[in-house]
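One letter stands for each residue in the lines below.
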Amino acid sequence: MSRPLDLRGKGQLADKTFGALAIGAAALVLLILGMIAITMTNRALPVLRHMGLDFFTSSVWSEHDNQFGALPFIWGTIYTSVIAVVLAVPVSLGVALFITQIAPPWLKRPLVYLIDLLAVVPSVVFGLWGVLMLAPHLNRSFLTAGIILAIMIVPIITSLAREVIETTAQADKEAAYALGATRWEMINAAVIPHAKGGLVGAVMLGLGRAMGETIAAALVIGSSAQIVLSPFKSGDSMPAVIANQWGEASDLQKSALIGLAVTLFVMTIIVNLIASRIVQRSMRKSRGT
Amino acid sequence: MQQLVSALDLRPRRTWRTTKNTIMTVLLGAAVVAVAIPLVLVMVSVFAKGGSILFKSFPDFLTKDIPPTRAAGPGMGPAIVGTLMITGMATLIAVPLGVMGAIYLHEYGGQSKFAQLVRFLAMVMTGVPSIVMGLFIYVVWTLNFKLQGFGGALALACLMLPIVINASEQMLKLVPNGLREASYALGATKARTVLTIVLPAASSGIVSGSLLAVARAAGETAPLLFTIGATRVLNTSLFHGDDTALSARIFENAKEAVANAQERGWGAALALVLLTFTLTVVARVITAFATRRK
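Respectively, the protein sequence lines represent chains E and A. The numbering used here numbers the first residue of the first sequence as 1 and each following residue consecutively. The numbering used here numbers the first residue of the second sequence as 1 and each following residue consecutively.
Possibly wrong hints are sitting among the right ones.
EDC-like mimics (lysine to aspartate or glutamate), calculated; alpha carbons at most 20 Å apart, straight line [said to hold, decoys possible]:
{"#": "1", "chain 1": "A", "residue 1": "Lys146", "chain 2": "A", "residue 2": "Glu263"}
{"#": "2", "chain 1": "A", "residue 1": "Lys146", "chain 2": "E", "residue 2": "Asp251"}
{"#": "3", "chain 1": "E", "residue 1": "Lys16", "chain 2": "A", "residue 2": "Glu256"}
{"#": "4", "chain 1": "A", "residue 1": "Lys146", "chain 2": "E", "residue 2": "Asp172"}
{"#": "5", "chain 1": "A", "residue 1": "Lys20", "chain 2": "E", "residue 2": "Glu248"}
{"#": "6", "chain 1": "E", "residue 1": "Lys285", "chain 2": "E", "residue 2": "Asp116"}
{"#": "7", "chain 1": "A", "residue 1": "Lys255", "chain 2": "E", "residue 2": "Glu248"}
Chain A is faced by these chain E residues, among others (derived, beta-carbon under 7 Å) [to be verified]:
{"#": "8", "residue": "Ala14"}
{"#": "9", "residue": "Phe18"}
{"#": "10", "residue": "Ala25"}
{"#": "11", "residue": "Leu53"}
{"#": "12", "residue": "Phe56"}
{"#": "13", "residue": "Ile242"}
{"#": "14", "residue": "Ala261"}
{"#": "15", "residue": "Phe265"}
{"#": "16", "residue": "Val266"}
{"#": "17", "residue": "Met267"}
Covered stretches of chain E, as calculated for chain A (at least 3 residues, CB under 8 Å) [as the list claims (entries may be wrong)]:
{"#": "18", "segment": "66 to 72"}
{"#": "19", "segment": "75 to 81"}
{"#": "20", "segment": "115 to 127"}
{"#": "21", "segment": "169 to 179"}
{"#": "22", "segment": "200 to 212"}
{"#": "23", "segment": "221 to 235"}
It is worth saying that the hints were derived from the structure and are not from the lab. Think of the CB as a built atom: it goes at the ideal place given N, C-alpha and C, for glycine as much as any other residue.
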């Protein structure tokens with residue numbers, strides 16, 4: 001990045017103050033993240049002292065017996081997020097490919113708006129719809145939660161996928177057509193190989209988003225702390241149990257719920273870091289450096 | 001052989017390859033339909049069920065206090081005021097700080113180690129689940145200052161901050177260096193250049209990016225659960241007493257098995273959707289006007 005030629009005089013007080021304010025605002029990001037890690041871990045210590053490492057491995061969560069095992073919620077979080085990703089990915093990629101490769105120019109903008117619209121519907125509205133309109137047919141279960149989460153992560157996966165796909169070199173696409181490829185063969189031969197890394201990153205970001213989504217899951221997952229494979233059974237996830245049990249929680253239980261939040265915080269950060277690494281690497285590769 | 005006899009035919013033929021192409025085109029189109037269906041279903045429910053209470057008892061639904069859970073009748077005034085005040089305060093906190101942060105990143109930090117670190121952490125912060133942000137504010141604020149609207153505003157501000165930083169930095173990048181050099185050449189200091197030349201040039205983009213962040217924040221529920229408490233009557237102070245918001249009301253009403261409460265939940269959902277859609281449309285219109293002017 002080229003810097004502008006800088007001929008200004010040095011040493012004015014107001015100028016320095018402004019620079020200091022700017023660096024202070026930027027440092028706030030660092031401060032907030034540091035404080036989240038420190039203060040919340042601190043609040044989670046009572047339950048960790050009480051439960052030890054069993055907090056992460058026990059599958060019993062009973063506020064009456066003061067037993068707090070996070071495993072059912074970790075399972076529920078992963079399970080619902082994976083269901084959401086499995087449902088959302090084919091649809092998101094389809095939409096992204098349709099918008100970038102197939103839709104005539106006049107249709108592109110309305111479709112992008114449609115996806116944007118989906119992104120601004122508040123999650124609690126999806127939750128309300130899920131619990132009053134969808135749950136009567138599907139019960140409150142992992143699957144219902146997965147479907148609602150899938151609807152909510154489609155916009156983010158689609159928009160990231162669209163960005164990656166649009167970086168495909170025009171020459172590659174034309175080369176495929178020149179060899180006589182049909183449009184689908186062109187997509188398969190030129191677009192998908194080029195975008196693969198970025199698409200994986202987009203999916204991971206969607207996974208991270210689904211893991212942290214609280215309100216919709218809290219309403220439709222069914223709130224029962226059990227580890228089962230059947231998607232039609234009710235379960236619970238970390239953000240959902242925090243939202244549902246907070247109101248009537250005892251002190252130790254609050255500590256346990258904050259412990260869940262810390263666990264969730266660490267898990268989403270790991271998923272997001274992996275995602276951004278993948279996206280960055282594939283972007284670098286597509287620029288050819 | 002047959003081809004030698006008949007006329008050479010170079011028209012595209014229906015082969016398995018073209019059939020496959022058609023099938024895939026239809027499937028990709030079906031994906032668009034698959035996305036549109038839930039959006040349409042949700043919107044139809046929200047507008048039909050919410051509209052029946054919101055418009056039937058207009059404007060009482062928007063102004064009256066919230067009735068007890070089982071009682072029939074309209075009333076979502078305190079929640080609407082709460083949402084506007086809490087989100088407004090969050091905006092007042094997050095937008096100036098976010099824009100200043102972006103100014104540091106682009107105008108001062110550039111590619112320095114610290115700027116790279118902040119950029120990276122802002123990306124990390126965007127991924128922090130909103131419920132974690134709510135509990136964080138509970139721990140550092142609510143435990144010391146009781147339940148109040150301002151706690152909710154702080155939590156929403158934390159969620160908005162990285163979004164505003166990122167959007168603003170993208171906009172600052174678009175301002176040509178020539179403008180900065182021209183300003184320096186006239187003897188302006190860096191602060192003056194940023195405030196009077198760079199920011200105005202990037203303003204429309206920053207405003208629309210911020211509005212999108214506000215729309216996201218207005219719909220957030222989880223951060224408010226631990227920070228603002230609950231009330232059925234109007235509270236015009238962010239610093240005194242329990243507060244309420246549309247999103248929190250929808251969450252509460254969705255958990256009730258009472259038809260009266262559910263009806264008010266749909267009404268609140270319609271009010272919230274109209275608010276977030278309006279903010280989004282305004283942001284888009286600003287962007288459209290700004291790009292046309294250029």
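Structure-based check of all given hints:
| no. | hint | verdict |
| --- | --- | --- |
| 1 | A/Lys146 / A/Glu263 | violated (31 Å) |
| 2 | A/Lys146 / E/Asp251 | holds (16 Å) |
| 3 | E/Lys16 / A/Glu256 | violated (56 Å) |
| 4 | A/Lys146 / E/Asp172 | violated (61 Å) |
| 5 | A/Lys20 / E/Glu248 | violated (57 Å) |
| 6 | E/Lys285 / E/Asp116 | violated (29 Å) |
| 7 | A/Lys255 / E/Glu248 | holds (15 Å) |
| 8 | Ala14 | holds (6 Å) |
| 9 | Phe18 | holds (4 Å) |
| 10 | Ala25 | holds (4 Å) |
| 11 | Leu53 | violated (22 Å) |
| 12 | Phe56 | violated (17 Å) |
| 13 | Ile242 | holds (6 Å) |
| 14 | Ala261 | holds (5 Å) |
| 15 | Phe265 | holds (5 Å) |
| 16 | Val266 | violated (10 Å) |
| 17 | Met267 | violated (9 Å) |
| 18 | 66 to 72 | violated (count 0) |
| 19 | 75 to 81 | violated (count 0) |
| 20 | 115 to 127 | holds (count 12) |
| 21 | 169 to 179 | violated (count 0) |
| 22 | 200 to 212 | holds (count 5) |
| 23 | 221 to 235 | violated (count 0) |
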